[in-house]
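For the protein sequence lines, the chains are C and V, in the order given.
Going by full-length UniProt numbering, the first residue of the first sequence is number 1, and it counts up by one from there.
Going by full-length UniProt numbering, the first residue of the second sequence is number 1, and it counts up by one from there.
Simulated from the structure, these hints should not be mistaken for laboratory data.
Model, not experiment: these values are computed from the prediction.
No residue lacks a Cβ here, since even glycine has one placed at the ideal position from N, Cα and C.
There could be a bad hint or two in this list.
To be verified - Far from chain C, some chain V residues (derived; all Cβ distances over 10 Å):
id	residue
1	GLU45
2	ASP68
3	GLU72
4	GLU76
5	ASP168
6	GLU172
7	PRO180
8	GLY290
9	PHE432
Stated by the list, open to error - Among chain V residues calculated to face chain C with C-beta under 7 Å, some are:
id	residue
10	ALA89
11	THR279
12	ARG485
In case you want the letters, here they are:
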Amino acid sequence: MSSRDVVLARVRRALADVPRGEGYEDVPVPRDYLRVHGSRTPEERVALLAERLAEYRALVHHCAEDEVHMLVMRLLAEHGTQHVLVPPGLDPSWMAAADPVRIHDRAASTARELDAVGSVVTGCAVAIAETGTIVLDGSPDQGRRRISLVPDHHICVVRVPDQVVDSVPEALERLDPVRPLTWISGPSATSDIELDRVEGVHGPRKLEVVLLSE
Amino acid sequence: MSGTYLGMPAFPAAAASSTQDARLRGNLRHATHTIRDKRAKAVAELDDWARLRAAGAAVKDRTLRHLDHYLEQLEESVTAAGGQVHWAADAAEANAIVARLVRETGEREVVKVKSMATQETGLNRALAEAGISAYETDLAELIVQLGDDLPSHILVPAIHRNRGEIRDIFREQMARWGRPAPDDLSDAPAALAEAARLHLREKFLTAKVGISGANFMVADTGTLVVVESEGNGRMCLTLPETLISVVGIEKVVPTWQDLEIFLQLLPRSSTAERMNPYTSMWTGTTDGDGPRTFHLVLLDNGRTDTLADTVGRQALRCIRCSACLNVCPVYERAGGHAYGSAYPGPIGAILTPQLRGTASELDASLPYASSLCGACYEVCPVAIDIPEVLVHLRERVVQGGRVTRRGVKTVLKPAKGHAAERAAMRAAGFAFDHPGALRAGQRLAARTRRLHPRRLPGPGRAWTDTRDLPPVPAESFRDWWRRTRGEERAK
Numbered sequence: 001m002s003s004r005d006v007v008l009a010r011v012r013r014a015l016a017d018v019p020r021g022e023g024y025e026d027v028p029v030p031r032d033y034l035r036v037h038g039s040r041t042p043e044e045r046v047a048l049l050a051e052r053l054a055e056y057r058a059l060v061h062h063c064a065e066d067e068v069h070m071l072v073m074r075l076l077a078e079h080g081t082q083h084v085l086v087p088p089g090l091d092p093s094w095m096a097a098a099d100p101v102r103i104h105d106r107a108a109s110t111a112r113e114l115d116a117v118g119s120v121v122t123g124c125a126v127a128i129a130e131t132g133t134i135v136l137d138g139s140p141d142q143g144r145r146r147i148s149l150v151p152d153h154h155i156c157v158v159r160v161p162d163q164v165v166d167s168v169p170e171a172l173e174r175l176d177p178v179r180p181l182t183w184i185s186g187p188s189a190t191s192d193i194e195l196d197r198v199e200g201v202h203g204p205r206k207l208e209v210v211l212l213s214e
Numbered sequence: 001m002s003g004t005y006l007g008m009p010a011f012p013a014a015a016a017s018s019t020q021d022a023r024l025r026g027n028l029r030h031a032t033h034t035i036r037d038k039r040a041k042a043v044a045e046l047d048d049w050a051r052l053r054a055a056g057a058a059v060k061d062r063t064l065r066h067l068d069h070y071l072e073q074l075e076e077s078v079t080a081a082g083g084q085v086h087w088a089a090d091a092a093e094a095n096a097i098v099a100r101l102v103r104e105t106g107e108r109e110v111v112k113v114k115s116m117a118t119q120e121t122g123l124n125r126a127l128a129e130a131g132i133s134a135y136e137t138d139l140a141e142l143i144v145q146l147g148d149d150l151p152s153h154i155l156v157p158a159i160h161r162n163r164g165e166i167r168d169i170f171r172e173q174m175a176r177w178g179r180p181a182p183d184d185l186s187d188a189p190a191a192l193a194e195a196a197r198l199h200l201r202e203k204f205l206t207a208k209v210g211i212s213g214a215n216f217m218v219a220d221t222g223t224l225v226v227v228e229s230e231g232n233g234r235m236c237l238t239l240p241e242t243l244i245s246v247v248g249i250e251k252v253v254p255t256w257q258d259l260e261i262f263l264q265l266l267p268r269s270s271t272a273e274r275m276n277p278y279t280s281m282w283t284g285t286t287d288g289d290g291p292r293t294f295h296l297v298l299l300d301n302g303r304t305d306t307l308a309d310t311v312g313r314q315a316l317r318c319i320r321c322s323a324c325l326n327v328c329p330v331y332e333r334a335g336g337h338a339y340g341s342a343y344p345g346p347i348g349a350i351l352t353p354q355l356r357g358t359a360s361e362l363d364a365s366l367p368y369a370s371s372l373c374g375a376c377y378e379v380c381p382v383a384i385d386i387p388e389v390l391v392h393l394r395e396r397v398v399q400g401g402r403v404t405r406r407g408v409k410t411v412l413k414p415a416k417g418h419a420a421e422r423a424a425m426r427a428a429g430f431a432f433d434h435p436g437a438l439r440a441g442q443r444l445a446a447r448t449r450r451l452h453p454r455r456l457p458g459p460g461r462a463w464t465d466t467r468d469l470p471p472v473p474a475e476s477f478r479d480w481w482r483r484t485r486g487e488e489r490a491k
């Protein structure tokens with residue numbers, strides 16, 4: 001008997017008290033919890049996202065479509081970035097004014113090569129206002145999971161208000177589980193030493209979120 | 001510490017020494033009170049918390065009552081997404097599977113994401129015996145590993161260490177495992193975190209195999225979920241070529257939608273945050289992104305035995321948030337090591353004796369490691385009635401009864417130590433029924449009070465094993481009353 005059969009047989013014996021005819025849907029799950037906590041206009045939703053992100057010590061910037069290239073340039077310059085990672089499908093106009101050398105993430109790029117890069121610029125799939133979370137799903141404007149992880153500085157551009165939802169349930173509805181997903185709430189952090197919060201352990205120590213008005 | 005829970009003394013003996021450690025108590029008190037206050041605020045923000053909690057408990061109950069169905073569905077989804085599923089009936093089998101899978105890659109080093117399941121199975125030791133070095137990459141787990149120590153908290157495994165101790169461990173031990181700590185390392189948390197960053201980055205960038213657990217596995221999509229803060233999880237889950245996840249069979253949830261409940265319950269209950277900094281979700285393998293090979297090892301190791309107990313079953317709802325540890329007055333004073341298992345605190349007191357059985361003195365003592373105050377039930381985000389299970393397990397320890405061990409139904413005998421406690425209680429009952437005997441005994445006790453030990457010998461030992469003997473007063477109340485008729489106070 002394989003271990004698979006052993007474990008499944010044990011499970012079935014352990015559940016002798018469950019009536020034979022009971023289907024899994026017969027066990028009720030009350031779903032009367034809220035889909036959204038409070039009600040907001042799109043502007044209020046974006047404002048809440050900005051507030052919650054800032055509470056997690058992400059740096060939040062607002063800008064319009066025709067200024068984004070200048071903002072990205074300034075943020076890269078302020079960080080002193082020489083090389084910037086760019087996912088293949090990033091809107092090229094965002095990088096139009098950027099001085100640093102653009103590095104394209106290729107399948108052959110090793111993690112060590114990525115480690116030599118100062119910053120990364122990505123888009124996002126969805127952002128959650130209530131929790132201050134941005135979600136990346138590996139689409140062409142976001143790239144592989146590793147590129148938003150290894151460099152020390154991540155600039156993430158969120159299109160507002162379209163990409164912003166209120167809550168976790170609304171975000172899950174929009175996401176495709178088949179894609180690899182990374183949810184990011186503020187920069188990397190630890191509280192393992194006497195519960196003192198320290199930003200930046202292994203992921204980017206600096207997270208800048210650009211809220212791009214359409 | 002020797003880095004293993006094997007052969008640890010029973011809870012009362014371990015707690016008797018740990019409660020005397022003033023520094024440990026100070027560290028613990030600070031940490032547990034800080035988290036519990038923050039948690040209360042984070043929870044109060046959601047006015048549907050009670051409904052989320054009820055939904056979370058119900059989803060887990062549905063899963064547990066039809067676990068065979070959901071495990072088969074999960075296996076199918078993971079396999080269809082390009083993963084390989086392995087089943088392990090116990091710890092030894094899980095460790096052997098992982099060791100074999102690592103060996104097949106030709107690698108001798110692995111990086112690990114913090115995982116309760118592999119702590120439970122003692123995977124690191126098993127890998128070491130197979131010639132494989134496993135590096136813990138969570139900061140607290142790194143502190144524990146470098147210090148040849150054991151975790152003492154589910155969420156903050158090095159909660160018993162303060163910054164000075166951590167600096168000393170880093171200075172003395174980092175060089176043994178890789179990049180040494182900087183010479184001028186201070187005890188500032190930021191400096192210590194930076195030292196860990198530099199030390200571990202070498203490992204992340206070269207590791208070919210990663211090992212993780214998972215917080216949730218979604219049956220209908222085959223998605224695995226890991227929540228964390230530091231990014232070490234993301235490193236281990238995405239940079240290596242091979243990923244091996246060892247996950248308890250109770251971690252499955254039926255649908256993608258169910259995550260909306262648990263992703264609200266878990267962060268607020270554990271780190272008291274609206275959301276933890278990083279959550280990773282992956283479904284099998286993805287071309288060009290992340291590991292090319294993904295293995296899922298489904299672990300039983302006593303979970304089906306726990307499932308067979310209709311009262312104790314609810315312990316399998318646990319999502320390992322550690323809220324119960326932070327409110328527990330017993331945990332706060334005794335610390336996590338006294339529980340002698342990867343699962344300390346109230347949840348450990350009911351989970352460990354079910355996973356491992358109550359045959360050892362330690363495991364039989366765990367259901368007594370509680371004052372039954374009920375605070376753990378109040379905070380539990382999936383409404384596990386821990387006091388109910390504690391009382392149920394005490395009954396089992398004292399009276400024996402029908403249990404399932406390794407899938408086989410068997411009848412448990414009453415535990416030995418408790419016969420002595422019952423005898424002591426009978427003796428006490430006799431004394432209270434016979435005032436003359438009680439008076440004589442009290443006078444004798446008062447006159448010999450300087451000679452009293454903190455623990456009783458003989459049949460009374462069982463009682464004082466779990467309690468310090470109270471000091472006997474110089475004069476009994478009865479004698480004082482007889483002498484004064486209460487006049488001193490009445491004046």
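Quick rundown of the hints versus the structure:
1. GLU45: Violated, because the least Cβ-Cβ distance between GLU45(V) and chain C comes to about 8 Å, which does not exceed 10 Å.
2. ASP68: violated, 5 Å
3. GLU72: violated, 7 Å
4. GLU76: GLU76(V) is indeed farther than 10 Å from all Cβ atoms of chain C, at 12 Å.
5. ASP168: Non-interface label stands for ASP168(V): nearest chain C Cβ at 13 Å, farther than 10 Å.
6. GLU172: The claim stands: GLU172(V) keeps its Cβ more than 10 Å from every Cβ of chain C (closest is about 17 Å).
7. PRO180: holds, 18 Å
8. GLY290: Answer for GLY290(V): violated, closest chain C Cβ roughly 6 Å.
9. PHE432: PHE432(V) clear of chain C: closest Cβ-Cβ about 43 Å, beyond 10 Å.
10. ALA89: holds, 5 Å
11. THR279: holds, 4 Å
12. ARG485: violated, 56 Å
When held up to the earlier numbered hints, the structure conflicts with 1, 2, 3, 8, 12 and fits the remainder.
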